[in-house]
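Model the full structure from these sequences, guided by the hints.
From first to last, the protein sequence lines stand for chains D and H.
Going by the working numbering, the first sequence opens with residue 1, and the numbers climb by one from there.
Going by the working numbering, the second sequence opens with residue 1, and the numbers climb by one from there.
The reader is advised that the hints may include incorrect statements.
Derived DSSO-like pairs: lysine-lysine, alpha-carbon spacing no greater than 27 Å straight-line [what the hints assert, rightly or not]:
(1) K217(D) / K140(H)
(2) K217(D) / K184(H)
(3) K118(H) / K131(D)
(4) K136(H) / K217(D)
(5) K132(D) / K96(H)
(6) K316(D) / K118(H)
(7) K131(D) / K96(H)
(8) K217(D) / K49(H)
(9) K96(H) / K217(D)
(10) K129(H) / K217(D)
Please keep in mind that the hints were generated in silico from the structure rather than gathered at the bench.
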Amino acid sequence: MKIDKAVIAQTPESSPKSSLLREKGLMKGFIDHYSETRGKTIIYSSALLMIIAVVAITLFLTVQGLRSFFVDHINFWSFITGTKWSLDQTNGASYGAFPFIFGSLSVTLLAAVFATPVAVGCALFMAEIAKKWGQRVLQPIIEILVGIPSVVYGLIGLSVIVPFMRVHFGGSGFNLLAGSLVVGIMILPTVASIAADSLRAVPDSLREASFAIGGTKWQTIWRVVIPAAGSSIVTAIILGMSRAFGEALAVQMVIGNTFQMPHSIFAPAATLTTVITGSMGDTTTGSVSNDVLWSLGLILLVISYIFILIIRMLAKRRNA
Amino acid sequence: MMIQLDTNIANFTNDKGEETPVQIEVKDVNIFYGSNHAVKDVNMPIHEKSITALIGPSGCGKSTFIRTINRMNDLIPIARCEGNILYRDNNILNPKIDVVQLRKEIGMVFQQPNPFPKSISENIQLPLKFAGMRNKKILKETTENCLKEVGLWDEVKDRLDHSATGLSGGQQQRLCIARALALKPSVILLDEPTSALDPVSTSKIEELLLRLKKDYTIVIVTHNMQQAARIADYTAFFYQGELVEFGLTRNLFTHPEKKSTADYISGRFG
Numbered sequence: 001m002k003i004d005k006a007v008i009a010q011t012p013e014s015s016p017k018s019s020l021l022r023e024k025g026l027m028k029g030f031i032d033h034y035s036e037t038r039g040k041t042i043i044y045s046s047a048l049l050m051i052i053a054v055v056a057i058t059l060f061l062t063v064q065g066l067r068s069f070f071v072d073h074i075n076f077w078s079f080i081t082g083t084k085w086s087l088d089q090t091n092g093a094s095y096g097a098f099p100f101i102f103g104s105l106s107v108t109l110l111a112a113v114f115a116t117p118v119a120v121g122c123a124l125f126m127a128e129i130a131k132k133w134g135q136r137v138l139q140p141i142i143e144i145l146v147g148i149p150s151v152v153y154g155l156i157g158l159s160v161i162v163p164f165m166r167v168h169f170g171g172s173g174f175n176l177l178a179g180s181l182v183v184g185i186m187i188l189p190t191v192a193s194i195a196a197d198s199l200r201a202v203p204d205s206l207r208e209a210s211f212a213i214g215g216t217k218w219q220t221i222w223r224v225v226i227p228a229a230g231s232s233i234v235t236a237i238i239l240g241m242s243r244a245f246g247e248a249l250a251v252q253m254v255i256g257n258t259f260q261m262p263h264s265i266f267a268p269a270a271t272l273t274t275v276i277t278g279s280m281g282d283t284t285t286g287s288v289s290n291d292v293l294w295s296l297g298l299i300l301l302v303i304s305y306i307f308i309l310i311i312r313m314l315a316k317r318r319n320a
Numbered sequence: 001m002m003i004q005l006d007t008n009i010a011n012f013t014n015d016k017g018e019e020t021p022v023q024i025e026v027k028d029v030n031i032f033y034g035s036n037h038a039v040k041d042v043n044m045p046i047h048e049k050s051i052t053a054l055i056g057p058s059g060c061g062k063s064t065f066i067r068t069i070n071r072m073n074d075l076i077p078i079a080r081c082e083g084n085i086l087y088r089d090n091n092i093l094n095p096k097i098d099v100v101q102l103r104k105e106i107g108m109v110f111q112q113p114n115p116f117p118k119s120i121s122e123n124i125q126l127p128l129k130f131a132g133m134r135n136k137k138i139l140k141e142t143t144e145n146c147l148k149e150v151g152l153w154d155e156v157k158d159r160l161d162h163s164a165t166g167l168s169g170g171q172q173q174r175l176c177i178a179r180a181l182a183l184k185p186s187v188i189l190l191d192e193p194t195s196a197l198d199p200v201s202t203s204k205i206e207e208l209l210l211r212l213k214k215d216y217t218i219v220i221v222t223h224n225m226q227q228a229a230r231i232a233d234y235t236a237f238f239y240q241g242e243l244v245e246f247g248l249t250r251n252l253f254t255h256p257e258k259k260s261t262a263d264y265i266s267g268r269f270g
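Right, dumping it as structure tokens:
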């Protein structure tokens with residue numbers, strides 16, 4: 001009997017192959033999915049929350065934005081092509097949003113035109129010319145610039161660009177060009193930092209190949225590295241543009257905010273976002289004035305989606 | 001230009017019994033990566049219109065050495081070279097040498113096929129465009145000639161404007177060789193060109209190199225001793241940064257003078 005007991009004590013209870021985890025009770029069997037389930041629940045519910053938020057915002061904006069056309073019976077076509085805008089209900093209101101659509105698109109495009117050459121140049125300097133210094137010093141500085149609140153850019157525009165415009169081009173100094181410049185400066189660090197990342201993603205083997213066939217540094221950058229990073233750089237620019245398109249505050253501070261169609265880049269103008277932020281507080285929920293502002297929001301959303309679609313398409317083509 | 005050697009190496013002949021003059025003379029070359037002495041006191045000739053193979057175990061300095069011949073090591077900031085590599089009356093290692101011109105005469109092919117993500121014809125035309133060639137007719141002719149030279153023409157002639165990245169690994173590597181030929185260099189350096197390829201592609205490249213040596217001087221780094229034995233006229237065995245033995249391939253493989261050479265080629269280490 002004594003001998004038997006000793007033998008039993010030496011042998012682990014369950015099986016001769018019993019592992020440490022089984023002995024310590026940390027693993028009960030192979031059908032214990034508890035930990036997996038917990039992780040899955042957390043991850044799936046966050047993903048679900050995200051999707052619900054996006055769908056809810058889109059739906060809400062769509063429902064609210066379509067009220068002006070279906071409840072207030074404003075003609076959709078005259079809404080997006082009309083050039084006269086007035087929310088003054090007593091003296092005959094008019095809802096022509098074209099000046100704002102035009103304003104938004106031209107601010108975005110001009111901002112991209114100003115920002116792209118500087119941003120790509122900066123990215124090339126960081127990623128190709130001064131690699132170490134660019135990565136250690138310039139990249140963090142640019143990331144700080146990305147984080148500066150847009151109101152600061154607006155303030156700088158207000159105190160530097162607007163007076164400059166007033167002195168050199170006349171008028172009040174508040175105009176389309178000032179808005180584009182402020183937004184251009186604002187998106188510059190975003191574009192530069194993404195473009196630098198995409199240049200760094202170009203494999204060194206391509207640079208080696210180019211040098212090995214007698215390419216100079218400049219030829220290598222211009223004919224090999226930039227084309228190889230091509231669509232990623234375009235994506236960086238479009239991301240910057242979508243940021244410019246959605247910017248309200250900085251633009252509002254310098255663009256002049258008139259409801260008229262601008263006739264030159266030196267004329268004051270307004271954008272979809274500036275009209276919404278400028279007028280929303282003066283309207284009551286459910287009124288026509290309120291509904292048309294929601295419609296402007298819907299247009300913003302649709303155009304933002306188009307930007308995102310373009311980015312996705314470029315990414316797809318790049319991976320193909 | 002020929003450099004007369006005072007060693008008996010110059011009297012070696014290639015497999016056909018023809019004497020080939022020395023084209024590049026390597027004298028007392030030392031290469032450092034930071035404080036690491038990667039290549040030590042290498043002296044060897046590279047004969048014109050022949051294949052010279054550099055063999056040895058990993059980390060023996062053979063790749064470092066071949067990358068010095070067209071100054072690709074300049075791209076590595078911590079690399080430093082000493083000594084002389086004489087080519088056409090010039091010391092390649094002279095800091096005043098225009099490396100861009102040098103690389104137009106001494107081309108290079110790498111371990112991983114690295115075609116540009118452009119069209120097949122653009123891949124071959126880019127070196128010419130880099131050199132300032134604008135004549136469309138010459139660009140087109142060169143494309144065809146180079147592709148024919150590497151035996152790729154029949155495979156790709158209908159899709160010259162397709163992206164080169166769509167080709168198979170072996171085709172890509174032959175395209176890279178064609179690209180290196182576009183400028184009609186006198187020397188082609190190949191750094192383990194077949195180690196990323198399957199056996200069929202490898203044998204195609206070997207046949208190609210045997211054809212090319214009629215017109216070009218070829219230096220090839222290889223891990224594969226059989227490959228060196230099959231194609232090389234001269235073989236250099238590197239071990240721990242030193243050139244242990246250099247000679248005609250048939251002599252080196254049949255009667256190695258040094259014990260470590262014998263050990264390596266018989267597969268005892270490496």
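Hint consistency between K118(H) and K131(D) [alpha-carbon to alpha-carbon, up to 27 Å]: With Cα atoms ~26 Å apart, K118(H) and K131(D) stay inside 27 Å; holds.
27 Å Cα cutoff - pair K316(D), K118(H): 17 Å, holds
Measure nothing beyond the straight line between the CA atoms of K96(H) and K217(D); if it is 27 Å or shorter, mark the hint as holding. 17 Å, holds
Hey, K217(D) versus K184(H), does the alpha-carbon distance stay inside 27 Å? 22 Å, holds
Does K96(H) sit within 27 Å of K132(D), going by the straight-line distance between their CA atoms? Roughly 25 Å between the alpha carbons, so the hint for K132(D) and K96(H) holds.
For K136(H) and K217(D), compute the direct alpha-carbon distance and say whether it is at most 27 Å. With a Cα-Cα distance of about 24 Å, the restraint between K136(H) and K217(D) holds, given a limit of 27 Å.
Between K129(H) and K217(D), does the CA-CA distance stay at or below 27 Å? It holds: about 14 Å lies between the C-alpha atoms, which stays within 27 Å.
Within a Cα-Cα threshold of 27 Å, do K217(D) and K49(H) meet the stated pairing? With Cα atoms ~31 Å apart, K217(D) and K49(H) exceed 27 Å; violated.
Below or equal to 27 Å on CA atoms is what counts here, so check K131(D) against K96(H). Answer holds: K131(D) to K96(H) is near 24 Å, not above 27 Å.
Need the status of pair K217(D), K140(H): alpha-carbon distance at most 27 Å? 26 Å, holds
Of the numbered hints stated above, the single one contradicted by the structure is hint 8.
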